[in-house]
Amino acid sequence: MLHDVQHDTQGVKEVPIQHDIWRVQGKGRVCPRPNCFFCHAECNEASYGRPRRRRNSASERSHLGMAPLGVRAEKTPTATGWSRPNGPLPLPQKPMYRRDFLRQSLASSAALSLGWAACTPAPDRRLPHLGLILGLVEAEMEADWRGTLEAVAATGYQYVEFGGTYGAEPAAFRAALQELGLRPLAGGTSMAPLQEDLNRHIDAALEMGREYLVCYWPWLHDGTQVQGIAEVQGIAETFNEMGAACQAQGLRFLFHNHDKEFFPVEGRRPYDILLEETDPALVGMEIDFYWVRKGGGDPLDYFARFPGRFELCHIKDMDATPDQGITTAGQGIIDFGAIFAQSEQAGLKYFIVEQDKAPDPLRNMRDAYAYLSALRF
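So for the sequence shown, my numbering puts the first residue at 2; every next one is plus one.
Treat the hints with care, since some could be wrong.
[Stated by the list, open to error] Below, a list of computed lysine-lysine pairs in the DSSO-like style, where the Cα atoms sit at most 30 Å apart: (1) 295 to 350; (2) 295 to 358; (3) 295 to 261; (4) 350 to 261; (5) 261 to 358.
Calculated from the structure, these hints are not laboratory results.
Sequences are here, hints too, so could you generate the full structure?
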């Protein structure tokens, strides 16, 4: 005895019944349902009072994958079992009843009510080249430079930016970086030492295998005594000269900003003047997002006005206090997702974590990496 469900087409009630399956006059199985896909046989009108179902025609049997009348269908083995010569029988189509229609209609209405946002894919871009400036862990480097480099590499950083070698021989320091899979990316100093002996700093960068030489401070004073636009234009001219000297040796010259470059001089920001007066082929920018915000600037505005000029960036966050202090990336108010979404427009290639006077350098280093490596935009 097989059990099935008899559907009441006048409503939605379903009543279980029993189907007797037996053979009648040697003609195969019978079924009380006149449109049964499972037996393809004549139904028993004597037992159930329903009209006798005609036998499938030759064309219908071919369409359904059945063998011709009087011919046994040969099965063939497949990787998943046995198959019929004309393919498997089609599955029966379940009829749609009123409650199914209402359920699907409500689901469709709910999906449409979400609007296009429901169809918008989640952001999946991530930062490609994460590095660390070793000044964040300076005390640890001075105490145990090898062990600290191992911790940096174990965290997941791929690139390092640094000045000196913390008491180690340059060759030994570079060998350790190579062994740990850390790439020496950039390093530099302020304007005064660069002006005194630029070639020495170029040679040191080449010895360590760096790609970039960075000027971290453009002023010969504290940055609050700028003598008009002419002084800023003179700095831009010096940058072009230094950039040409670096380019001749296979290096790229960069300028790293602080907030002083955003304090207006004669109605103009020095940072804007430096961008306008320097040759993009000779001078690139290492933009520090925190100091841009601290000085009252907007990184996205600079990306739009000077596309492609910003090759490296320093990443630290700004806290929500009135003093706008420095905190670990991801723990402040800077919207890094919005900034990095425009990284192609900016020309950004490398993303360097920094945090001045970090309270717990190793922990802050790890927390910043965890946030930035998980960030999608």
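Here's how the hints hold up against the structure:
Taking the CA atoms of residue 295 and residue 350, the gap is near 23 Å; set against the 30 Å cutoff, the hint holds. About 17 Å separates the Cα atoms of residue 295 and residue 358, which keeps this hinted pair within 30 Å; it holds. A threshold of 30 Å between alpha carbons decides the hint, and for residue 295 with residue 261 the separation of about 9 Å falls inside it, so the pair holds. Restraint check: the Cα-Cα separation between residue 350 and residue 261 comes to about 25 Å, which is no more than 30 Å; the hinted pair holds.
Taking the CA atoms of residue 261 and residue 358, the gap is near 19 Å; set against the 30 Å cutoff, the hint holds.
Checked against the numbered hints given earlier, this structure breaks none of them.
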